[in-house]
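Student: In order, the protein sequences belong to chains W and P.
So for the first sequence, our numbering puts the first residue at 1; every next one is plus one.
So for the second sequence, our numbering puts the first residue at 1; every next one is plus one.
Source of the hints: derived by calculation from the structure; they are not laboratory data.
Covered, in the sense of this in silico footprint (three residues per stretch, anywhere, with C-beta under 8 Å from a C-beta of chain P), are these stretches of chain W:
| # | stretch |
| --- | --- |
| 1 | 62-69 |
| 2 | 100-110 |
Chain W is faced by these chain P residues, among others (derived, beta-carbon under 10 Å):
| # | residue |
| --- | --- |
| 3 | I59 |
| 4 | N65 |
| 5 | I129 |
| 6 | W134 |
| 7 | R136 |
| 8 | E138 |
| 9 | L153 |
| 10 | P157 |
| 11 | N176 |
| 12 | F177 |
| 13 | E179 |
| 14 | G190 |
| 15 | S194 |
| 16 | A236 |
| 17 | Q238 |
Ideal Cβ placement from N, Cα and C applies to all residues, glycine included.
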Amino acid sequence: MSARFLSAPLPLGGVSRGFRRADLVFHGLDHSGPSYEVRIFFNRPDADANTPRTAGDGYVRSFYMFGHGGCAGQPGHCDVPETRRPFDLRPPHQLTPATRWVTVTDAARRAVEGGELRVTLVPVVTSPAGAKDEDVDVMALRQVSLVTYD
Amino acid sequence: MATNGAGTQPPALRNRKRVDGLSPDELSALRRAFTAMYDIDDDRGFAYLAGIHGLPLPISCQHHNPLFLPWHRAYLYLFEEAMQDQVAGVTLPWWDYFAGGDPAIPDAYAQEQVDGAANPLAHGPVRGIPQEQWDRIERGPMPDVTSRTPGDLAPFPDRSDLDQALAAPTFLDFTNFVEGFHDNVHVWVGGTMSEIPVAAFDPVFWAHHCMIDRLWYLWQLAHPGGDPPRSIMGRALQPFPMTVADTLSINALGYEYAAAEVVMAGGVR
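Let's have the full structure, built from the sequences with the hints guiding it.
Tutor: Rendered as structure tokens:
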């Protein structure tokens, strides 16, 4: 099983109840390795890859990342530069971590009404290479946010 | 809408049609085009063009960023031009995977045999990848041909994912959602399609991306002016001789999307 992400309880006091749309925004997703699914659970901190994907078990939805598949070059080929020189006009590195958002409006409304939200993200590697990726943090997330729109 | 190629009128746009709407002749032409490209080992051939997306290095495809849709539109355009170099008039069809019913690979791509011979749309040859590059990604033996495991790795995306994408108010919102179920379909097909290095070697890759390109077109029609960010409009779509701005009009690229086309028999009396 790949490494999960478990959020601390989100402070929901500042979130109005009348929002029309709520997105979970994932910043800094790694896509350099195998393809993987991310299963989103609300208020189910013990969720793992064996937890049923049903609303009763806190499952909200999944999203998928189509993976680059690993590095076919020599060492360093797929390293994303941390800085760019001022006159480096080449395109950004292809493996720059991604931002992805998924809409979770109904589940977020229920969480706000309940006054508490903890998000558990369970990545499941979906490629033949998955077996050797146990315990690897395939998502390498930098940040997760709940964004609501009135 | 198509225009007549006669006189001073502009040349007719070519119609990309639903896979299941292809006539027997159109499907035969598609198969002949893939077969012809399989047999070419230079830069007009299938191995070269499929390899642009993944291996051999450099892996040029753009994913998980705003270039995703423009880059793949340019890719399909140039692939289709290469197809037409082999079989005049042939076009890429689109896989209408939200048409209803149980999700399935289209028959045209799923049938192993056609008229007693191997169906060239069922599997593509995997060629042109240097062994040392393949070994570095640690996927076991390099396959000779593509394979699929539909439904084994993921459920199919839901129709609501499409509705959400088409209702997206901005290009960035649209591309986020459409790439989301694009990724899901790749994983659902499984096998070769499930990872970037070899996905484009599967013939169904082209029907999948034709659907994605069509959805962008439909979204564009509903959102005039919904262009990608101005900051990337002049960006080159390597290795293609096109920029993001060059991809915004499919009519400028010579095609449009239709469900089917029935040519009427008859004449002047």
